[in-house]
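Visitor: The residues making up each chain are set out below.
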Amino acid sequence: MNKATTGPLHSAEPQQPVATGSTPTGPVVAVAQPLRRRPVRRAGSRTAWVMLLPALAVYIGFVIAPMLMGLQYSFYDWNGVGASTFVGLENYTRVLTDPVLLASILNAFTLIIFFTIIPITVGLILASLIRSMRQGPVSSIAQTILFLPQIVPLAAAGIAWAWMYADTGTVNQFLRAVGLEGITRSWLADYGTALPAVGLIGSWVLTGLCTVLLLTGIGKIDGSLYEAVRLDGAGWWREFFTVTLPGLRQEIAVLATLTIIAALSSFDIIYTSTQGGPGRATLVPGISIFRIGFTQSDVGLASAFGMVLMVLVLLVVLPIQRLSKVND
Amino acid sequence: MRTSRTELLLGRVLLAVALILTLLPLISMLSAALQPADRNPTGIVWPTDPQWGNFITAFEVGNVWRLMQSSAFIVLGVVPASLLIATLAGYALGALAPKGGRAILIFFVAGLTIPFEALIIPLYYQAQAMGTLNTPWAVIFPLLGLFMPFSVFWMRAHFINVPRELSEAARVDGASIAQEFRRIQLPLAVPALSALAILLFLWTWNQFLLPVVLIADPLDRTVAGALTFFQGQYSLSIPLLNAGALLIITPAIVVFLIFQRQFVRALLQGAVKG
Numbered sequence: 001m002n003k004a005t006t007g008p009l010h011s012a013e014p015q016q017p018v019a020t021g022s023t024p025t026g027p028v029v030a031v032a033q034p035l036r037r038r039p040v041r042r043a044g045s046r047t048a049w050v051m052l053l054p055a056l057a058v059y060i061g062f063v064i065a066p067m068l069m070g071l072q073y074s075f076y077d078w079n080g081v082g083a084s085t086f087v088g089l090e091n092y093t094r095v096l097t098d099p100v101l102l103a104s105i106l107n108a109f110t111l112i113i114f115f116t117i118i119p120i121t122v123g124l125i126l127a128s129l130i131r132s133m134r135q136g137p138v139s140s141i142a143q144t145i146l147f148l149p150q151i152v153p154l155a156a157a158g159i160a161w162a163w164m165y166a167d168t169g170t171v172n173q174f175l176r177a178v179g180l181e182g183i184t185r186s187w188l189a190d191y192g193t194a195l196p197a198v199g200l201i202g203s204w205v206l207t208g209l210c211t212v213l214l215l216t217g218i219g220k221i222d223g224s225l226y227e228a229v230r231l232d233g234a235g236w237w238r239e240f241f242t243v244t245l246p247g248l249r250q251e252i253a254v255l256a257t258l259t260i261i262a263a264l265s266s267f268d269i270i271y272t273s274t275q276g277g278p279g280r281a282t283l284v285p286g287i288s289i290f291r292i293g294f295t296q297s298d299v300g301l302a303s304a305f306g307m308v309l310m311v312l313v314l315l316v317v318l319p320i321q322r323l324s325k326v327n328d
Numbered sequence: 329m330r331t332s333r334t335e336l337l338l339g340r341v342l343l344a345v346a347l348i349l350t351l352l353p354l355i356s357m358l359s360a361a362l363q364p365a366d367r368n369p370t371g372i373v374w375p376t377d378p379q380w381g382n383f384i385t386a387f388e389v390g391n392v393w394r395l396m397q398s399s400a401f402i403v404l405g406v407v408p409a410s411l412l413i414a415t416l417a418g419y420a421l422g423a424l425a426p427k428g429g430r431a432i433l434i435f436f437v438a439g440l441t442i443p444f445e446a447l448i449i450p451l452y453y454q455a456q457a458m459g460t461l462n463t464p465w466a467v468i469f470p471l472l473g474l475f476m477p478f479s480v481f482w483m484r485a486h487f488i489n490v491p492r493e494l495s496e497a498a499r500v501d502g503a504s505i506a507q508e509f510r511r512i513q514l515p516l517a518v519p520a521l522s523a524l525a526i527l528l529f530l531w532t533w534n535q536f537l538l539p540v541v542l543i544a545d546p547l548d549r550t551v552a553g554a555l556t557f558f559q560g561q562y563s564l565s566i567p568l569l570n571a572g573a574l575l576i577i578t579p580a581i582v583v584f585l586i587f588q589r590q591f592v593r594a595l596l597q598g599a600v601k602g
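Line by line, the protein sequences give chains G and R. If you read the first sequence in the numbering used here, its first letter stands for residue 1, the second for the next number, and so on. If you read the second sequence in the numbering used here, its first letter stands for residue 329, the second for the next number, and so on.
Heads up, some of the hints might be wrong.
[Claimed, not checked] Computed from the model, here is a short list of chain R residues facing chain G with C-beta under 7 Å: (1) Ala360; (2) Pro470; (3) Val480; (4) Leu555; (5) Ala573.
What the hints contain is simulated information worked out from the structure, not anything from laboratory work. None of these values were measured; they are calculated from a predicted model. All residues carry an ideal CB built from backbone N, CA and C; glycine is no exception.
Just need the whole structure built from these sequences, with the hints factored in.
Guide: What follows is the structure in structure tokens.
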């Protein structure tokens, strides 16, 4: 059915114009580009709108419309089948006062330590120490390996790590080997360790991406800046804060945005590793919404929680966009 | 000079540790998968008697072939259509710049931060109303919409960088917008399109939440979504669960190893642009 739509793309004749080589394939820091553009002809306006139509249709139809539906549900008490009753803001009051739901929000924010702070810190340390990976087989193998967690579905990462953390799993095997028998346990079943353990799965997934992106970024910092600061007698520490960190501001902002969204809206990893347990130790908004909506059939409350989650992400992510553009 | 040599060494060592830690869970999966299926496995052990048969059992018990087909169907439903629709919109916004185009761009970009979980409840009832619930279309349609903000943003970023002189020259030669689009813009867009295709393939193949919620029969889901079914199916055998999970992630890894360079570039650009 969709075959037909691929037609025009593949039938494009490969007659490459001379300018191909000079066409930027999209600089890595595309966000840095100012959005303003020089004034151009408006002749194609009508054609442009026709071309925009399909994109707008699927976006409005399957993102905006559901969002408005969710907003509507959030004001009702509805079990998904029977009659619904308008309850005003009651669902929102419940999301913001129910200790269980608040705890799941708090857990999501705790995950930021593992999804954002650890990967970016490790990435920064690694990148600033290696600075430039010389092109060669070693660097390309290293890059491949660092990227593997990005390819593995998060759900599979959850399964892999559930086994790592199991009683007879690799983590405990390692601890026994180094004589730490005393602290071995079933890491995901322990109330105290379940959340950090799940968080570290996120660190595993995201550290490689952060490292490679920061390495790419550091390669673009003017080398003479490093020479200058070294001539001044600065050590690694000062060099890091005066050259590396400012030079990577853009990349850090992007990674922070990306990883914070991943932390606040985590679902796959937790669903396949702990399902939110033990008890509610690893309950996060995504899992809560799923359970409230489909297990407890409280559609209104689940929708309200969805709206709250969306707003939370925006509230955290928008200031980061500001920060990254302050001095541009 | 000496300090930087220490740093380099330290950096190498830390990198080596990072690489080992990255591989460890995958090795641990493989180790478990090769241990006897009817016993509780232990950590990472050298397989003295590797049970390769576990993979065959997992393949059959898990209906992996059927799952791959369902996944492929969903990927074919999402990726080509997304590419086409996003190319049209990206060209309109990047090259034609109609009045109000900027507002439309912001409208799309705003969609980049929406967590899928926030929409999953209404998406369920929407699919129910449309009669697509429990069919692949229940996942295909929403994914088209959910990936559209990124795809449009991505294609616009490409088209805005194409020198305007090119299309102006084409116009002077009397080409229509359609001709210019087909003869000049599309060939130039091939790298951007292939990178986007890679990302969309990966995101669809690995999509979990939507198939789990919207398709009741695990065998009709994407492979990632079927992992929950595996957990139920193999709950008694950790070796089989790991073998099944490895089978499921292999196609993506193979594709990754083949298109490695493009993958890394796409993911890096994708990360930054997204």
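Visitor: Could you tell me which of the hints above the structure violates, numbers in ascending order?
Guide: As far as the earlier hints go, not one is violated by this structure.
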